[in-house]
Amino acid sequence: MTDGAQQPASPTSAPDAEILHGTAAYASATLKLITRAHLQLRVFSQELDRRVWSDPGVVELLRSFALRSPHAELRVLLNHPKAAAQRGHRLVELARRLPSRIQLRELAEERRGLGEEYAIADEYALLHKRRHDDLEAYWYAHAPLEARRRRHQFDQLWEESPPARELAELRL
1 MTDGAQQPAS PTSAPDAEIL HGTAAYASAT LKLITRAHLQ LRVFSQELDR RVWSDPGVVE
61 LLRSFALRSP HAELRVLLNH PKAAAQRGHR LVELARRLPS RIQLRELAEE RRGLGEEYAI
121 ADEYALLHKR RHDDLEAYWY AHAPLEARRR RHQFDQLWEE SPPARELAEL RL
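Anchor point for the sequence shown: position 151 equals 151 in the working numbering, and the numbering is continuous, going up by one each time.
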(Lines of atoms letter the chains of each structure in order from A and count residues from 1; the text may use other names and numbers.)
(Lines give C-alpha, C1' and ligand atoms only; values in the text may rest on other atoms or scores of the structure.)
Protein backbone atom coordinates (compact mmCIF):
# COMPACT_ATOMS: atom_id res chain seq x y z
CA MET A 1 0.00 0.00 0.00
CA THR A 2 2.99 2.29 -0.09
CA ASP A 3 3.79 4.65 -2.92
CA GLY A 4 7.42 3.64 -3.00
CA ALA A 5 8.62 6.18 -0.45
CA GLN A 6 10.19 4.36 2.47
CA GLN A 7 10.50 5.73 5.95
CA PRO A 8 13.64 5.15 7.99
CA ALA A 9 13.65 1.72 9.60
CA SER A 10 12.28 1.56 13.12
CA PRO A 11 10.62 -1.17 15.19
CA THR A 12 7.20 0.00 14.02
CA SER A 13 8.04 0.41 10.35
CA ALA A 14 9.93 -2.85 9.80
CA PRO A 15 9.50 -4.51 6.39
CA ASP A 16 7.07 -7.10 7.78
CA ALA A 17 4.60 -4.41 8.83
CA GLU A 18 1.61 -3.66 6.66
CA ILE A 19 1.19 0.10 6.51
CA LEU A 20 -2.45 1.12 6.90
CA HIS A 21 -3.94 4.39 5.76
CA GLY A 22 -7.16 5.76 7.18
CA THR A 23 -9.76 4.75 9.71
CA ALA A 24 -11.38 2.05 7.57
CA ALA A 25 -8.09 0.18 7.15
CA TYR A 26 -7.36 0.54 10.88
CA ALA A 27 -10.83 -0.79 11.76
CA SER A 28 -10.34 -3.75 9.42
CA ALA A 29 -6.99 -4.58 11.03
CA THR A 30 -8.62 -4.28 14.47
CA LEU A 31 -11.11 -6.97 13.46
CA LYS A 32 -8.22 -9.20 12.29
CA LEU A 33 -6.36 -8.64 15.55
CA ILE A 34 -9.35 -9.57 17.71
CA THR A 35 -10.10 -12.63 15.58
CA ARG A 36 -6.52 -13.89 15.98
CA ALA A 37 -6.41 -13.47 19.77
CA HIS A 38 -6.64 -16.63 21.86
CA LEU A 39 -6.21 -15.61 25.51
CA GLN A 40 -4.95 -12.03 25.78
CA LEU A 41 -5.94 -8.74 24.27
CA ARG A 42 -4.24 -5.56 25.45
CA VAL A 43 -5.42 -2.17 24.21
CA PHE A 44 -3.60 1.08 24.94
CA SER A 45 -5.63 4.01 23.66
CA GLN A 46 -6.05 7.72 24.18
CA GLU A 47 -9.85 7.67 24.32
CA LEU A 48 -11.05 4.60 22.36
CA ASP A 49 -11.79 6.14 18.98
CA ARG A 50 -15.53 5.57 18.50
CA ARG A 51 -15.16 4.96 14.79
CA VAL A 52 -13.23 1.79 15.65
CA TRP A 53 -13.76 0.67 19.25
CA SER A 54 -17.49 1.48 19.40
CA ASP A 55 -18.25 -0.19 16.07
CA PRO A 56 -20.90 -2.92 16.60
CA GLY A 57 -18.81 -5.55 14.75
CA VAL A 58 -15.71 -4.82 16.82
CA VAL A 59 -17.68 -4.82 20.09
CA GLU A 60 -19.37 -8.12 19.21
CA LEU A 61 -16.00 -9.74 18.49
CA LEU A 62 -14.66 -8.39 21.79
CA ARG A 63 -17.71 -9.79 23.62
CA SER A 64 -17.16 -13.20 21.99
CA PHE A 65 -13.46 -13.09 22.87
CA ALA A 66 -14.16 -12.16 26.52
CA LEU A 67 -16.72 -14.95 26.94
CA ARG A 68 -14.81 -17.62 24.98
CA SER A 69 -12.75 -18.84 27.92
CA PRO A 70 -12.56 -18.20 31.66
CA HIS A 71 -8.86 -17.51 31.05
CA ALA A 72 -9.41 -14.83 28.41
CA GLU A 73 -8.08 -11.40 29.42
CA LEU A 74 -9.19 -8.16 27.82
CA ARG A 75 -7.42 -5.16 29.32
CA VAL A 76 -7.92 -1.59 28.16
CA LEU A 77 -5.67 1.22 29.34
CA LEU A 78 -6.86 4.74 28.55
CA ASN A 79 -5.09 8.07 28.59
CA HIS A 80 -8.34 10.10 28.63
CA PRO A 81 -11.16 7.94 30.02
CA LYS A 82 -13.60 10.84 30.43
CA ALA A 83 -13.80 11.24 26.65
CA ALA A 84 -14.60 7.52 26.27
CA ALA A 85 -17.22 7.69 29.04
CA GLN A 86 -19.33 10.27 27.25
CA ARG A 87 -22.18 9.59 24.84
CA GLY A 88 -22.74 5.85 25.21
CA HIS A 89 -19.56 4.18 23.97
CA ARG A 90 -20.43 0.55 23.09
CA LEU A 91 -17.18 -0.96 24.39
CA VAL A 92 -17.49 0.93 27.67
CA GLU A 93 -21.08 -0.32 28.04
CA LEU A 94 -19.93 -3.88 27.36
CA ALA A 95 -17.19 -3.54 29.98
CA ARG A 96 -19.80 -2.35 32.48
CA ARG A 97 -21.89 -5.47 31.78
CA LEU A 98 -18.85 -7.80 31.94
CA PRO A 99 -16.58 -6.27 34.62
CA SER A 100 -14.98 -9.61 35.50
CA ARG A 101 -14.05 -10.18 31.83
CA ILE A 102 -13.13 -6.70 30.58
CA GLN A 103 -10.95 -4.47 32.72
CA LEU A 104 -10.51 -0.73 32.17
CA ARG A 105 -7.81 1.40 33.74
CA GLU A 106 -6.79 5.03 33.51
CA LEU A 107 -3.16 5.78 32.72
CA ALA A 108 -1.30 7.03 35.79
CA GLU A 109 -1.08 10.83 35.89
CA GLU A 110 2.71 10.91 35.54
CA ARG A 111 2.50 8.89 32.29
CA ARG A 112 -0.08 11.07 30.52
CA GLY A 113 2.36 12.34 27.86
CA LEU A 114 2.30 9.08 25.89
CA GLY A 115 0.59 9.77 22.57
CA GLU A 116 0.81 6.43 20.79
CA GLU A 117 -1.84 3.74 20.58
CA TYR A 118 -1.50 0.00 20.19
CA ALA A 119 -3.34 -3.27 20.57
CA ILE A 120 -1.73 -6.67 21.10
CA ALA A 121 -3.17 -10.14 20.56
CA ASP A 122 -1.45 -12.66 22.80
CA GLU A 123 2.25 -12.13 22.18
CA TYR A 124 2.43 -12.19 18.42
CA ALA A 125 0.07 -9.78 16.61
CA LEU A 126 0.29 -6.02 16.96
CA LEU A 127 -1.57 -2.98 15.67
CA HIS A 128 0.27 0.30 16.28
CA LYS A 129 -0.17 4.04 15.73
CA ARG A 130 2.70 6.35 16.57
CA ARG A 131 0.19 9.04 17.53
CA HIS A 132 -3.47 8.53 18.25
CA ASP A 133 -4.53 11.08 15.63
CA ASP A 134 -2.33 9.66 12.85
CA LEU A 135 -4.07 8.45 9.73
CA GLU A 136 -1.25 5.93 9.27
CA ALA A 137 -0.91 2.79 11.36
CA TYR A 138 1.11 -0.43 11.27
CA TRP A 139 -0.32 -3.96 11.31
CA TYR A 140 1.90 -6.88 12.26
CA ALA A 141 0.17 -10.22 11.74
CA HIS A 142 3.17 -12.02 13.22
CA ALA A 143 5.77 -10.03 15.15
CA PRO A 144 6.42 -11.88 18.40
CA LEU A 145 9.46 -9.85 19.49
CA GLU A 146 7.78 -6.46 19.02
CA ALA A 147 4.45 -7.70 20.42
CA ARG A 148 6.18 -9.12 23.49
CA ARG A 149 8.09 -5.85 24.01
CA ARG A 150 4.87 -3.85 23.76
CA ARG A 151 3.07 -6.26 26.07
CA HIS A 152 5.76 -5.83 28.73
CA GLN A 153 5.47 -2.05 28.35
CA PHE A 154 1.68 -2.30 28.63
CA ASP A 155 1.84 -4.55 31.70
CA GLN A 156 4.18 -2.14 33.46
CA LEU A 157 1.85 0.80 32.74
CA TRP A 158 -1.13 -1.33 33.79
CA GLU A 159 0.40 -2.07 37.20
CA GLU A 160 1.02 1.64 37.79
CA SER A 161 -2.49 2.70 36.76
CA PRO A 162 -5.71 2.91 38.79
CA PRO A 163 -9.11 1.60 37.66
CA ALA A 164 -10.96 4.05 35.42
CA ARG A 165 -13.72 4.86 37.89
CA GLU A 166 -15.82 7.04 35.59
CA LEU A 167 -15.97 4.14 33.15
CA ALA A 168 -17.02 1.61 35.75
CA GLU A 169 -19.94 3.65 37.06
CA LEU A 170 -23.35 3.02 35.66
CA ARG A 171 -24.86 6.32 34.60
CA LEU A 172 -28.60 6.58 34.81
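Honestly, the hints are just simulated from the structure, not real lab data.
For each residue, glycine too, the CB sits at the ideal point set by N, CA and C.
Hints are supplied without guarantee of correctness; some may be wrong.
Simulated DEER-style distance windows between Cβ atoms [said to hold, decoys possible]: (1) GLN86 - GLY57: 20 to 26 Å; (2) LEU98 - LEU135: 30 to 36 Å; (3) PRO99 - HIS38: 29 to 35 Å; (4) GLU159 - HIS21: 16 to 22 Å; (5) ARG165 - HIS21: 35 to 41 Å; (6) PRO99 - ARG131: 16 to 22 Å; (7) ASP134 - ASP16: 16 to 22 Å; (8) LYS32 - ASP134: 17 to 23 Å; (9) ALA141 - GLY22: 16 to 22 Å.
Hints and how they fare:
no.	hint	in the structure
1	GLN86 - GLY57: 20 to 26 Å	22 Å, holds
2	LEU98 - LEU135: 30 to 36 Å	32 Å, holds
3	PRO99 - HIS38: 29 to 35 Å	22 Å, violated
4	GLU159 - HIS21: 16 to 22 Å	34 Å, violated
5	ARG165 - HIS21: 35 to 41 Å	36 Å, holds
6	PRO99 - ARG131: 16 to 22 Å	30 Å, violated
7	ASP134 - ASP16: 16 to 22 Å	19 Å, holds
8	LYS32 - ASP134: 17 to 23 Å	19 Å, holds
9	ALA141 - GLY22: 16 to 22 Å	19 Å, holds
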